[in-house]
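Trainee: One-letter residues, chain by chain:
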Amino acid sequence: MKLEIGNFYVKDIVFGEKTSYANGILTINKEEAIAVVKEDDHITEADILIAKPGDKTRIVPVKEAIEPRHRVGGGAVFPGVTGELSAAGNGKTFALKNCSVLVVGKHWGGFQDGLIDMSGEGAKYTLFSQLQNICLVADTDEDFEKREQQKKNHALRWAGMRLAEYIGSCVAELQPEEVETYELGPITERPQEVQALPNVVLVLQPQSQMEEAGYNDLVYGWDCNHMVPTYMHPNEVLDGAMISGSFMPCSSKWSTYDFQNYPMIKRLYREHGKTVNFLGVIMSNLNVALEQKERAALFVAQIAKSLGAEAAVVAEEGYGNPDADFIACIVALEDAGVKTIGLTNECTGRDGASQPLVTLDEKANAIVSCGNVSQLIELPPMETVIGELEALARDGLSGGWSDDEILGSSVRKDGSIIMENNAMFCGDRVAGWSTKTMVEY
Amino acid sequence: MKKKAILYLNQFFGQIGGEELADHAPEIREGLVGPAMELNKQLGEVAEVTHTIICGDNFMGSRQEEAVEAILGFLEGKEFDIFFAGPAFRAGRYGSACGHISKAVKEKFGVPVISSMNDENPGVEMFKKEMYIFKGGASAAAMRKDVKAMADFGKKILTGETLLPAEEEGYYGRGVRHQVWLESGVPATDRVIDMLLKKIKGEAFQTELPIPPSDLVPIAPAIKDLSKMKIAIATTGGIVPVENPDRIQSASATRWGKYDMTGMDRLEAGVFKTIHAGFDPAAADADPNVIVPLDALRAYEEEGRIGSIHKDFYTTVGTGTTQGEAARMAKEIVEDLKATGVDAVIMTST
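Just so you know, the sequences run in chain order A and B.
So that you can map any letter, position 217 of the first sequence is 217 in UniProt numbering, and since no number is skipped, the others follow by simple counting.
So that you can map any letter, position 340 of the second sequence is 340 in UniProt numbering, and since no number is skipped, the others follow by simple counting.
Rather than coming from a laboratory, the hints here were simulated on the basis of the structure.
This list has only true hints and no planted wrong ones.
Computed Cβ-Cβ distance ranges for the label pairs, DEER-style: (1) Q64/B - Q130/A: 54 to 62 Å; (2) E303/B - R295/A: 37 to 45 Å; (3) A222/B - G320/A: 27 to 35 Å.
Only a predicted model underlies this, so the values are computations on that prediction, with no experimental measurement involved.
Even for Gly, the Cβ is constructed at its ideal location relative to N, Cα and C.
Work out the full structure, taking the sequences as your base and the hints as a guide.
Mentor: What follows is the structure, given as structure tokens:
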């Protein structure tokens, strides 16, 4: 498979007559863009706001982040999700870099939603403070979940993807400024000198804990809860085959933007042919029943062995219950003789004294750790709020609370906040961006 | 103004005498005794040592509660900002004494407590999670260096300086893990690749999440015939007589109790309850047998499926209890079980 991603580097975003891109300036026709958002009757209100790095802006509740893209020659950017099924990962896709579409609730948040600060101390947690963000701020008539802590956020998330495709389409006829090429041939047909390098697989464990449809990550539109691990080409992940769900405490989330740019995949590509032979991706999952966890681990180890992997990287999207899948998978691989590295975050509690993962095993002897989900974070007020600040306290965000006998509410009258890292939007950057680690005191 | 510090020493370093005076009762003296002078010097302009506490190692070892109570009494009403104990080097009883008193002082007065011990001192394993214990020398030859390490860190705390991770400061890790931004800015992807290549090549690498060796006890072989067996019940579910006579803690327990069930068909609500702070006690308080299943075992006993039920049940609280304390309590309980001829134990948790 050969994927060419043609990049357009967005330096500024403005509203204007025609949705277009020229010389680093992305212009959005707001009315037209909102019409695309409102193609779904369930969207009752929608607005688009721009948030830039350095702005004194706080964005909450953020539900999803998507990189605007266009599939050259037609076809859905997210096959099986925003359009008909087609194979992703082969051919040309255009991407608007340094920017993202952020899906923001106009009022209502939930367990899975997060917060972004565009400047100040809070900005260092999340990648999205470094991007030009097209914030879709909208509300829906999905009253069945308005006051539910767990929200599917279906209308909003799909509106975000439509908007990202609409904006991405403005570069359809242009020449990209840069082309990234991702090519991995069939495993058995690679040059001998590549085949002689250590064979490495990347095992991804996307979030799939919910039995009910609508919350989990999707692979080509298919609920990851309803699959057994399978072999995928890394290009498929980079090219829209995977979309994020709406379930996990937010600092552990892999947004759709993360999948589209998956740093660990890109990093393995850089090593491919030099230090390793990157075999590809084993797409696993994170289901709740013990038998499902064991079955997944069994499949992963078998696929890795059958592919001839001598080493693996395992990454999980989540913490708590999924730690059992993460450790089980590492143990199964080590037992099969595959040298394995784990990539995750930890939950050591506000005092740092809790066991870092729910399950531990001495065989998991090589783990890269990206942060503590329960770290307390206190941040001053921001001049502007996009969305609704009260959502952090009111709506059961995993890192927010309405009242605490010592700490009070997460949202204070002056607009300052106190929260757990749990509610930082992709705050642990566990897809591999993280420059945080964990140390013992 | 200088902050105030108090130092704990054993009878030897407190210049009372050697082993023959290890029963020396706790005392407090104004001013500086023995190593307190060096500590005072090292604290410099930041703090002064106002008092020295001296207690015999045997006294602390054999009459610990009395010793701790007396020392806490000495400290009542005294102004102090920080508490030091030792250095204890490799002296086991001294290390343990430093740990016990430091833990009690921290809990009662909420001040930082600092000690120093050699890595072979058993006090390290017992107390490293409770306090800052610096990695000290094997003998008093290291006195100056060890006191300096304690004092330097004490000064950092007292002046509000940023405290670095355990490894960098030089104390034994307390099992407390926090996130930090790497100054190098190296992203997780690069760290993964570095570890991956080293692991592939069989080179040494450092995990970012060290996993302690697990101490798994193999499950005992099944007993084929229970009809002649004497069965005991033990629990970490915190079932105790309502007055909790042994004052077992509701979390992070260090005490256990055994309570007589002679003549009882079941544990009655109102007579027994749970003191466990880690779950909703309503169901267990309404029927303690849901945790200590005496009712079901009596039925088995009557049917002859089991030989007999040991007269006492054994109990403590599991929540927050360290593995070290749990193992110690279990070993003590096992002694008792063996002495009374128990053949098998049913262990319930919550």
